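Number of protein chains: 2
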Amino acid sequence: MEAESQMARGKYAADISTIKEAHARIKSLVHKTPVLTSESLNAISGRQLYFKCECYQKGGAFKFRGASNAVFSLDDEEASKGVITHSSGNHAAALALAAKLRGIPAYVVIPTNAPACKVENVKRYGGQIVWSEPTIPSREKVADRIMQETGATFIHPYNDGRIMSGQGTISLELLEQAPQIDMLIVPISGGGLISGVALAAKAINPAIRILAAEPNGADDSAKSKAAGRIIKLPETNTIADGLLAFLGDFTWPVVRDLVEDVITVEDSEIINAMKLCLEILKVVAEPSGAIGLAAVLSDTFQKNPAWKDCKHIGIIVSGGNVDLDVLWDSLKK
Amino acid sequence: MEAESQMARGKYAADISTIKEAHARIKSLVHKTPVLTSESLNAISGRQLYFKCECYQKGGAFKFRGASNAVFSLDDEEASKGVITHSSGNHAAALALAAKLRGIPAYVVIPTNAPACKVENVKRYGGQIVWSEPTIPSREKVADRIMQETGATFIHPYNDGRIMSGQGTISLELLEQAPQIDMLIVPISGGGLISGVALAAKAINPAIRILAAEPNGADDSAKSKAAGRIIKLPETNTIADGLLAFLGDFTWPVVRDLVEDVITVEDSEIINAMKLCLEILKVVAEPSGAIGLAAVLSDTFQKNPAWKDCKHIGIIVSGGNVDLDVLWDSLKK
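Residue numbers (UniProt numbering), protein chains in the order written: chain A, 1 to 333; chain B, 1 to 333.
Because the hints were derived from the structure by calculation, they are not lab data.
Remember, predicted model here, so these are calculated numbers, not experimental data.
Glycine residues also receive a C-beta, built at the ideal position from the N, C-alpha and C atoms.
Don't take every hint at face value.
Once the Cα atoms are required to be at most 30 Å apart in a straight line, the calculated DSSO-like pairs of lysine-lysine come out as [to be verified]:
no., chain 1, residue 1, chain 2, residue 2
1, A, K275, B, K202
2, B, K32, A, K202
3, B, K275, A, K32
4, B, K123, A, K311
5, A, K333, B, K275
6, A, K32, B, K332
7, B, K141, A, K333
8, A, K20, B, K32
9, A, K275, B, K311
10, B, K27, A, K332
11, A, K123, B, K275
12, B, K303, A, K332
13, A, K123, B, K311
14, B, K333, B, K303
15, B, K332, A, K308
16, B, K333, A, K332
17, B, K332, A, K118
18, A, K118, B, K123
19, A, K223, A, K100
20, B, K275, A, K332
21, B, K275, A, K311
22, A, K100, B, K308
23, A, K275, B, K333
24, B, K100, A, K32
25, A, K311, B, K32
26, A, K27, B, K311
27, B, K27, A, K27
28, B, K32, A, K333
29, A, K123, B, K32
30, A, K311, B, K100
31, A, K332, B, K123
32, A, K308, A, K332
33, B, K333, A, K118
34, A, K275, B, K118
35, A, K100, B, K275
36, A, K32, B, K311
37, A, K333, B, K332
Computed Cβ-Cβ distance ranges for the label pairs, DEER-style [what the hints assert, rightly or not]:
no., chain 1, residue 1, chain 2, residue 2, range
38, A, H312, B, L101, 18 to 24 Å
39, B, W328, A, K223, 35 to 41 Å
40, B, W131, A, C117, 30 to 36 Å
Same shape as in the complex, but just chain A (with noise of 0.2 Å):
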């Protein structure tokens, strides 16, 4: 019954239908993030670009957007016995504020290696912490048991249609803040963002394109899209932490059909950008976030004649959550 809620009526786990129910379901609850533009970023990049700031999106990234869907899709009695996830990042906090939101219980496994800014930022939103080993058997194990214990309902941070619907609430709103756009640049990790704002914005203009922007570090996503599976990574290594996920089976369809190509830039790149969005942009964006405007000004992109007549880009700046420290560290390398 779970799996079948999870479905919308179409080919992949949701689509223009689920992402309105989300869209009505949510929209009391989120933040409208506003769309900024710059004249100086345009001139830089040849284009007029849109940035999307969920970076002001309540919980610093556009991850309330689909936690909360989920937490209010329960009925009352799975409700009642609470959300469990094992994301140590934005989804987890996210999830924990969606579920203070709706008064139940929010239980967030976390290795204990876990950095403990991410820890406190759970804790504030009311999320109950329990611990695990720092190894993928020993987290599942652990979120099994809870599970068994309480009843909780699992809330995976991106391969759900839930989770997928809640984020696909972004292209109903830029596209009606900005409908000009005719391009849309997206961070990929798990696919539960782009597949969302994906399945919306199609609906919404079949012509507009979709490109996805992934570190140079983590790049399963440019190689499963080459593969035509998922592939996924021995080991990743980028400044991008919250680009580090693989594809899953619910996301992949989309990323596959929809998604027209994958960009991949360097840190260097990254960290250029978070400079510029700070600079001229005045927006604090983690690294994950600036990778769409790193994107949009990289050799790849810029030289690529099949993107060229695309003058109206749309940036999903998706989150701000950066610990000062490491963001001065990283500007300053």
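With chain A held as given, fit chain B onto it using these hints.
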């Protein structure tokens, strides 16, 4: 004739009708800046805060509103001769940008000791730099010479009804975006911003309360309010380099009559507020942009029973033009 055209019909140099005229004149030129809210900052301050982010205005500060209103108020003959000012800060850059949009020259008199970044900012928007010695007599002499040579219209950074009216358009937007606001906290320097904002806000909602925020190291407005006349200081010392000007004869009467009180804060409080803007709000604010948050968090504000009932507070984040190195150094102090 020029003095007359600068005057509104009422007792001040601007009024709600000149502000509405300014809005009609500039609304297609300026950004309607977003209003951000943060549950975390609400919790810290004990109020509902509404951040009107003029750091997202063109040129990175509210100054473009007044500058564009002044430039587009000129008749074609006046305009063709250009405009001139001797501010080297945000006003000069804003005036250069407004002049560029109208296709007329902007002359900016800058002392030879001005910081390179400010000079660059003026050049970037096409302003014509005219150097002066770093003294007020030299600056005025050079400006007079250019005016005689070119016939350019002098646009004062704040003591001008057109400037005050342009800045007042902030209130028209903000009180539409968040009509529940019952108090505004506004940075004060020469008074162009706060006088325009106060005139418009009081016309829309006579019960709204207006507070000014000022650095302790440049507290001429607090002293002026106490004395009942314009006080100028022999010297000033604050990190808030945008708040060093003294009130003018057009702005002072509005400040005297409509501004309830001036809250002064230490530089350390401003720095803490800049940090909160970065970490929690994800916004880059210059020191003068963060001073409103510093004021609402100050003991002076928090402990004053007169303001206890103000629950919905609009804070004008006036600008975001800060050198990243300077920003970081000040955060580390």
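Going down the list of hints, with the structure as the test:
1. A/K275 <-> B/K202: 40 Å, violated
2. B/K32 <-> A/K202: 28 Å, holds
3. B/K275 <-> A/K32: 24 Å, holds
4. B/K123 <-> A/K311: Roughly 27 Å separates the two Cα atoms, so the pair holds.
5. A/K333 <-> B/K275: Given that 30 Å is the threshold and the Cα spacing comes to 22 Å, the pair holds.
6. A/K32 <-> B/K332: With Cα atoms ~34 Å apart, A/K32 and B/K332 exceed 30 Å; violated.
7. B/K141 <-> A/K333: Cα-Cα ~46 Å, so violated.
8. A/K20 <-> B/K32: Given that 30 Å is the threshold and the Cα spacing comes to 27 Å, the pair holds.
9. A/K275 <-> B/K311: 36 Å, violated
10. B/K27 <-> A/K332: 39 Å, violated
11. A/K123 <-> B/K275: Roughly 21 Å between the alpha carbons, so the hint for A/K123 and B/K275 holds.
12. B/K303 <-> A/K332: 41 Å, violated
13. A/K123 <-> B/K311: Cα-Cα ~27 Å, so holds.
14. B/K333 <-> B/K303: 27 Å, holds
15. B/K332 <-> A/K308: The given pair, whose Cα atoms are some 44 Å apart, is violated under the 30 Å limit.
16. B/K333 <-> A/K332: 18 Å, holds
17. B/K332 <-> A/K118: 22 Å, holds
18. A/K118 <-> B/K123: Cα-Cα ~43 Å, so violated.
19. A/K223 <-> A/K100: With Cα atoms ~39 Å apart, A/K223 and A/K100 exceed 30 Å; violated.
20. B/K275 <-> A/K332: 19 Å, holds
21. B/K275 <-> A/K311: 36 Å, violated
22. A/K100 <-> B/K308: 28 Å, holds
23. A/K275 <-> B/K333: 22 Å, holds
24. B/K100 <-> A/K32: Roughly 33 Å between the alpha carbons, so the hint for B/K100 and A/K32 is violated.
25. A/K311 <-> B/K32: 22 Å, holds
26. A/K27 <-> B/K311: 24 Å, holds
27. B/K27 <-> A/K27: 28 Å, holds
28. B/K32 <-> A/K333: Violated: B/K32 and A/K333 sit about 36 Å apart, past 30 Å.
29. A/K123 <-> B/K32: Between A/K123 and B/K32 the Cα gap is close to 36 Å, so the pair fails against 30 Å, i.e. violated.
30. A/K311 <-> B/K100: Answer holds: A/K311 to B/K100 is near 23 Å, not above 30 Å.
31. A/K332 <-> B/K123: 27 Å, holds
32. A/K308 <-> A/K332: Given pair A/K308, A/K332 is violated - Cα atoms ~33 Å apart, limit 30 Å.
33. B/K333 <-> A/K118: Distance of about 25 Å is within 30 Å: holds.
34. A/K275 <-> B/K118: Judged against 30 Å, a Cα distance of about 19 Å means the pair holds.
35. A/K100 <-> B/K275: 27 Å, holds
36. A/K32 <-> B/K311: 22 Å, holds
37. A/K333 <-> B/K332: At roughly 18 Å apart (the allowed maximum being 30 Å), B/K332 and A/K333 satisfy the hint.
38. A/H312 <-> B/L101: 18 to 24 Å: 21 Å, holds
39. B/W328 <-> A/K223: 35 to 41 Å: 37 Å, holds
40. B/W131 <-> A/C117: 30 to 36 Å: Since B/W131 and A/C117 have Cβ atoms about 48 Å apart, the given range 30 to 36 Å is violated.
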